[in-house]
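Can you build the whole structure from these sequences, using the hints too?
Sequence lines, in order, name chains E and L.
Taking UniProt numbering, the leading residue of the first sequence gets 1, the next gets one more, and so forth.
Taking UniProt numbering, the leading residue of the second sequence gets 1, the next gets one more, and so forth.
Worth flagging that the hints you see were computed from the coordinates, not collected in a lab.
All figures in this text were calculated on a predicted structure; none of them were measured in a lab.
Just so you know, not all the hints are guaranteed correct.
The calculated EDC-like cross-link candidates involving lysine to aspartate or glutamate, where the alpha carbons are at most 16 Å apart (straight line), are [what the hints assert, rightly or not]:
id	chain 1	residue 1	chain 2	residue 2
1	L	Lys124	L	Asp54
2	L	Lys87	E	Asp103
3	L	Lys214	L	Asp156
4	L	Lys138	L	Glu121
5	E	Lys240	E	Asp268
6	E	Lys160	E	Asp268
7	L	Lys68	E	Glu135
8	L	Lys72	E	Glu135
9	E	Lys265	E	Glu216
Here's the letter readout for the chains.
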Amino acid sequence: IRAHIRPFKEKTKASKRKSFSVQTLLRNKDEEEAKMFRNQYDTDVTTWSPTGRLFQVEYAMEAVKQGSAAIGLRSRSHVVLASVNKAQSELSSHQWKIFKVDDHIGVAIAGLTADGRVLSRYMRSESINHSFTYESPLPVGRLVVRLADKAQVCTQRSWKRPYGVGLLVGGLDESGAHLYYNCPSGNYFEYQAFAIGSRSQAAKTYLERRFESFNESSREDLIKDAILAIRETLQGETLKSSLCTVSVLGVDEPFHFLDQESIQKVIDTFEKVPEEEEDGGEAEAEAAAAPAEQGGAGDQDVAPMEM
Amino acid sequence: MTKQHANWSPYDNNGGTCVAIAGSDYCVIAADTRMSTGYSILTRDYSKIHKLADKAVLSSSGFQADVKALQKVLTSRHLVYQHQHNKQMSCPAMAQLLSNTLYFKRFFPYYAFNVLGGLDENGKGCVFTYDAVGSYEKVGYSAQGSGSTLIMPFLDNQLKSPSPLLLPAQDAITPLSEPEAVDLVKTVFASATERDIYTGDKLEIMILKADGIKTEVMDLRKD
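Okay, here's the thing in structure tokens:
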């Protein structure tokens, strides 16, 4: 109860403002104080902070960063979604992070995978209902708006919490291939290529170097770039086909997963010539004695709810 | 004071005949392509056969608007099944789903007379025959629609469906080979076309086997 007294202290300070220069000085002080009081405005998703932020929504975005990496790239005619297969222990199977929504739409998730599964079911249902009513495939752009609106609802109800999952939605419509990223905040953006989840920055850096050529890329080059981007997130661990899941969809190619053999074939094309790759760490990775254990130990920073 | 009756009906009969025959490793599903209303022909080129799953094909005669709606509902439900189970529906599963879907509208039925054909989990042919409200039975062969009364007795004569009362229990599957079954289907439709005004124009035959589906079209009398 005593904690509620503090905000009033702030307000009395603000009411003492007189001149403009004094205002600026005091505003900076307010922000500093707001940082101290961050945990006062973060209990409810329906409580604004004094600086105009909804901390619960921001915390939900943090959950996305804790999940294992997911990557999406698109060309004019194809979309590739790839993810890292991290299993909680050697005994268990890995979490499925890529889902088929329809023949022409796929989604890769990062964050609370349970939330992702529920949203995938919603997307599938929307797609089926649209096909039933209009006898034509649901355009991706429409689907992501509905998804975003659904996420927004959870940011404005006191009895709900935001979805803790980021979705990379890849799909095909009459205007070609598209890749979108849906946030827990209810925002969505279109991308040429994107990566989400833990250690995604490494993949993003790789994609930033190459993205300008993606539009004209062939299907095979796109898949290769996706796997290379996945490799970036593994940071030294040897890339094996068992560690990643890759899915493709395109014009005349309904959404499907690539089998382990096809993925391994692509890996073999660049694993054999390490000196040609920009990332010189490749040679070191191959020399590593027990890469699997390395990867397992490094996984403790992945949040439990991701599994 | 007699009861007031509606001056219109929500139903219409678009005619047509559907037949299916199950074999040891195949299933033949056939239907004519004539769509009628009253004594008029609406079109000579309408398919009454619809693939629901890799191993389940539905053929329905009756009111085609209801048939179309029924096909759409089943197709959507099949998509949901595939998402949930990561595989296609088997023919017996689809048979039960069709029955449930029909009974769901017990008090405003789909005016559809269905024959579901396909391959069961063991790769053997299976045919399921229905009434408008979902009562169904697995059989070795069946005919539904306007020409069914002409065709069914002939199929009974040729395919000798074993009585379920006989012991030892015999398979409903016909011993005919696939070309023989297709030939039989062509014969029965040619005969039905002679006497049934709602059957004719073209005959569409779908042959379902483990490696895929083949379609054949044969001309029928157009009068």
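Would you pick out the hints that fail for this structure and give their numbers low to high?
-> 3, 6, 9
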